[in-house]
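K.L.:
Sequence:
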Amino acid sequence: MDQEHILYSIKKADLATLTNATIGFSAIISLIHQNFDCAAILIILASIADGVDGAISRRCAYSSLGKHLDSLADSISFGMVPATATYLLITPRNTVLAFALAVLFLSCGLLRLARFTTMGDRTVDFQGMPITAAGLIIMLFTIQRERTELFLQMLTSLIVILSLLMVSRITYPKVQNKRIIALLGVTMIATILAYTLKGEMLHLLSGVLLAMLLSYTLSPALKLTERD
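In our numbering, the protein residues as written are 597 to 824.
It cannot be assumed that every hint is accurate.
[Claimed, not checked] Think about it this way: if two alpha-carbon atoms lie no more than 25 Å apart in a straight line, the pair counts; the simulated DSS-like pairs of lysine-lysine are:
id : residue 1 : residue 2
1  : LYS607    : LYS770
2  : LYS663    : LYS794
3  : LYS770    : LYS663
4  : LYS663    : LYS608
5  : LYS663    : LYS607
6  : LYS794    : LYS607
7  : LYS794    : LYS608
Just so you know, these hints were derived from the structure itself, not from any lab.
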């Protein structure tokens with residue numbers, strides 16, 4: 597029996613997923629040209645596309661490709677892009693370290709995606725930090741690269757910590773509060789606009805967005821404190 601042509605199996609959510617992958621590829625091109633700020637802004641856009649993908653898939657029918665395609669797109673935007681940025685930023689100081697850190701982040705991100713695809717949506721929380729959040733944190737932090745002399749040391753620490761959190765068994769909540777989602781979305785859009793205006797506001801707004809995501813990184817610890 598002939599199988600249905602792959603193009604006929606594409607749903608609306610898959611178009612958002614492919615947009616995510618396309619934006620991620622565009623970010624890699626920006627990194628090749630040493631435009632780290634542009635790459636970071638593109639990854640913000642990729643995370644928005646990833647969110648749209650999830651929203652559509654919850655309301656419409658899944659395609660047979662859906663979840664696997666989503667993981668492949670995320671591996672580009674939130675795995676390959678931060679790993680490439682890390683390598684390019686650290687390699688002038690230490691090429692071996694730069695390669696090791698980039699491979700560590702990418703490998704842990706891929707393992708995190710593979711585990712999610714295997715486990716499915718059977719739990720309310722995520723097991724391990726989502727690669728979307730980890731990748732976005734790294735790219736937002738690159739915008740602050742000229743703000744401190746300790747940037748490379750801090751980036752190294754971030755890479756190691758986030759990599760370990762992605763493959764950990766620590767549970768992270770799925771953000772479902774509409775107010776938090778709206779605030780996050782507004783901050784993302786404001787950061788994108790700040791980049792287009794080429795003003796000092798980019799560092800401020802990207803720093804606010806970074807702080808919001810870092811607070812999510814600490815959310816499991818805060819939850820434990822509340823229980824105590």
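K.L.:
Now tell me if each hint is right for this structure.
P.N.:
Going through the hints against the structure:
no.: 1; hint: LYS607 <-> LYS770; result: holds (24 Å)
no.: 2; hint: LYS663 <-> LYS794; result: violated (37 Å)
no.: 3; hint: LYS770 <-> LYS663; result: holds (17 Å)
no.: 4; hint: LYS663 <-> LYS608; result: holds (13 Å)
no.: 5; hint: LYS663 <-> LYS607; result: holds (12 Å)
no.: 6; hint: LYS794 <-> LYS607; result: violated (37 Å)
no.: 7; hint: LYS794 <-> LYS608; result: violated (34 Å)
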